[in-house]
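Produce the entire structure from the sequences given, and follow the hints as far as they go.
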Amino acid sequence: MIGQIEGYGFRDTIDYILKQEGIVPNYQVEVEDSSAILKLVAMNIGISFTPKQALRNLDKQIVAIPINNEHCYREIGLAYKKSHYFTEVASSFKTFVTDYFQNHIN
1 MIGQIEGYGF
11 RDTIDYILKQ
21 EGIVPNYQVE
31 VEDSSAILKL
41 VAMNIGISFT
51 PKQALRNLDK
61 QIVAIPINNE
71 HCYREIGLAY
81 KKSHYFTEVA
91 SSFKTFVTDY
101 FQNHIN
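Just so we're aligned: the sequence shown equals residues 1 to 106 in full-length UniProt numbering.
FYI, nobody ran anything at the bench for these hints, they're computed from the structure. Errors might be hidden in some of the hints.
To be verified - Quick list of in silico lysine-lysine cross-link-like pairs, DSS-like style, CA-CA up to 25 Å: (1) 82 - 94; (2) 60 - 39; (3) 81 - 94; (4) 94 - 52; (5) 60 - 81; (6) 52 - 19.
As the list claims (entries may be wrong) - Here are the in silico distance ranges between beta carbons for each label pair: (7) 22 - 84: 39 to 49 Å; (8) 99 - 31: 30 to 40 Å; (9) 63 - 20: 17 to 27 Å; (10) 83 - 31: 16 to 26 Å.
Every value quoted in this text rests on a predicted model; they were computed, and no experiment measured them. Beta carbons: idealized from backbone N, C-alpha and C, even for Gly.
Now the structure itself:
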């Protein structure tokens, strides 16, 4: 299996999910960059879990299989300085992002 090096957020997430399912991964190759992982997969070096956003512009040789599992999700947030003054554009963006994730994402 190909994966990110230990200590990277996505690697830790994958290891946790696999552990919950009683699986211990056998990483043969560990790299930092998700695009390097996909290049190695395209070269038939191995298989890998990868975040959905890394699959944009996917090499046509690679097949992506969606995985639905109660442990398989990512939490993200919008970070900004508490005392920051928001321009009208920044305020609109914050409102849009908040609304989008509250009303359009599972």
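Here is what the structure says about each hint:
1. 82 - 94: OK: residue 82 and residue 94 at ~13 Å, within 25 Å.
2. 60 - 39: holds, 12 Å
3. 81 - 94: holds, 13 Å
4. 94 - 52: holds, 23 Å
5. 60 - 81: violated, 41 Å
6. 52 - 19: holds, 21 Å
7. 22 - 84: 39 to 49 Å: Cβ of residue 22 to Cβ of residue 84: about 45 Å, so the range 39 to 49 Å holds.
8. 99 - 31: 30 to 40 Å: holds, 37 Å
9. 63 - 20: 17 to 27 Å: Given a distance of about 25 Å, which is inside 17 to 27 Å, the answer is holds.
10. 83 - 31: 16 to 26 Å: Violated, since residue 83 and residue 31 (Cβ atoms, about 39 Å apart) do not stay within the stated range.
Taken one by one, the earlier hints fail for this structure at numbers 5, 10, listed in ascending order.
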